[in-house]
Amino acid sequence: MFKIFPPSGQRPASGRRKLLLELTCLLLGLQSLLLVGWTGKRVDIFADGGARQVATSQWFFGEGWDPAGSQIRIGDWVLPLPGAWFWPGLKLIMAGSVPVAAEIAGQNLWSQVPLPAAAGILAQEGITLGPEDRVESNLGSNDPYQYVRVIRVENAIELSQEVVPPPLVRRPDRTLQPGKEKVVQEGQPGVRYYKYQVKKENGVEVERQLLDTWIEVQPQPRIVAYGSRAYPAVTAARVGDTLKVIATAYTHTGNRTATGIWPYRGIVAVDPRVIPLGTRLYVEGYGYAVAQDTGGLIKGNRIDVFLESEAEAIQWGRRPVTVRILGY
1 MFKIFPPSGQ RPASGRRKLL LELTCLLLGL QSLLLVGWTG KRVDIFADGG
51 ARQVATSQWF FGEGWDPAGS QIRIGDWVLP LPGAWFWPGL KLIMAGSVPV
101 AAEIAGQNLW SQVPLPAAAG ILAQEGITLG PEDRVESNLG SNDPYQYVRV
151 IRVENAIELS QEVVPPPLVR RPDRTLQPGK EKVVQEGQPG VRYYKYQVKK
201 ENGVEVERQL LDTWIEVQPQ PRIVAYGSRA YPAVTAARVG DTLKVIATAY
251 THTGNRTATG IWPYRGIVAV DPRVIPLGTR LYVEGYGYAV AQDTGGLIKG
301 NRIDVFLESE AEAIQWGRRP VTVRILGY
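Mapping to the numbering used here: the sequence shown position 134 is 134, numbers consecutive.
Because the hints were derived from the structure by calculation, they are not lab data. Note that the structure is a prediction, hence the values are computed from the model and not measured. Cβ coordinates follow ideal geometry from the N, Cα and C atoms, glycine included. The reader is advised that the hints may include incorrect statements.
For each label pair, taking beta carbons as the anchor points, the in silico distance ranges come out as [stated by the list, open to error]:
(1) Arg324 - Gln188: 54 to 64 Å
(2) Ala258 - Gly285: 42 to 52 Å
(3) Lys244 - Lys180: 21 to 31 Å
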C-alpha cells in the first residue's frame, strides 16, 4: 500500500487546527499577563513588624517604589533584592534603615544603615580597623540614639632622657689651710634614658609603662679640694722664754686692732695661742712691744710688727727674729 501526502507547502487540517490552538493560548496568556500588569499584582509586604497586602502594576521593584507608603530608600534591607520581577503572590520582606552616629577617633559622622546590619556601618563607610582598635556601640538597644564608636588604639615605644647632675667629691689637701677650698675638676653632667611603652586612644595618652632605664653618658664628678693642713700644737710662752719666730710688718689699715685700740709703733700682732694678748715683748731688731693685735695669717711662731709707713713695712720684709717674753 502507498500513503498519499498533500501537495508540497500544504499541511493537514489537523496540523492547522493545532497551530491555531497554540496561537490562541499564547494570545490569551499575553492578554492575562497584560491585564495583571495593568490591573495590579497582589504583593504581601512584611515590614516594620507588621504585614500588609498591596497591589502594583509595576513589573520590577527597587529604590523609589512606594506602594501605600512602603518606599524603598537607599540603605534599606529587602528580600528579594531590588530589581527582581513582581509576580502575583510575591512575599516582600523589608527592614527600614536607621540613622546611626559613628564616632571614628573622635570625629563624628552620620550614616543611614539597615537595622539588621547596622554593625556594617564601618564597612559601608570604608572604615578599616587596626589590630588594636576598639569598637563600642549600643546597636540593638531601645535607645533611639544609635551609635557606633571606633576608638583608635596605638601602642608605641617612646624614649625620653634626663640630665644626671655630676656628683660632688671632696678631697682633703694638706697644702691648703683649713677653711680654704679649691676646685680640681669642674665635672660634666651625664645622660639617663627611659624606655616606655605608651598606649594612646584617639591620640590621647591613657597608659605609660616603664620598660627599661639606663645611663647612656656617665657623669664626671666635680672634685673640690679642701684645706686639711694641721698646725702643730702650741704652748703659751712663759715669762723669760725666748722664741724663734718669723716676723713680717704691716702699717695703717684704717681699722682698730683686735683689742680695740688704734695701732701705733710698738704694737705687735701675734697668735694668742703662743703669745697671749697683752704680753710685753722684746723683739730683736724692733725693740720693746706689746701683743695687742692678731692676723689671719699669723699662726704659730709668727708675728707682725706695726710700722708707721708702707715704705718701712716693705723695707722690713720677712725675717727670722728672736722674741723674749718680758711679762703679762
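For each hint, the structure was consulted:
At roughly 58 Å, the beta carbons of Arg324 and Gln188 sit within the given window of 54 to 64 Å. Here the CB-CB span from Ala258 to Gly285 is close to 23 Å, at odds with the stated 42 to 52 Å. One distance hint, 21 to 31 Å for the beta-carbon pair Lys244 and Lys180, holds here, with the actual separation near 27 Å.
In this structure, only the earlier hint numbered 2 is contradicted, and the remaining ones agree with it.
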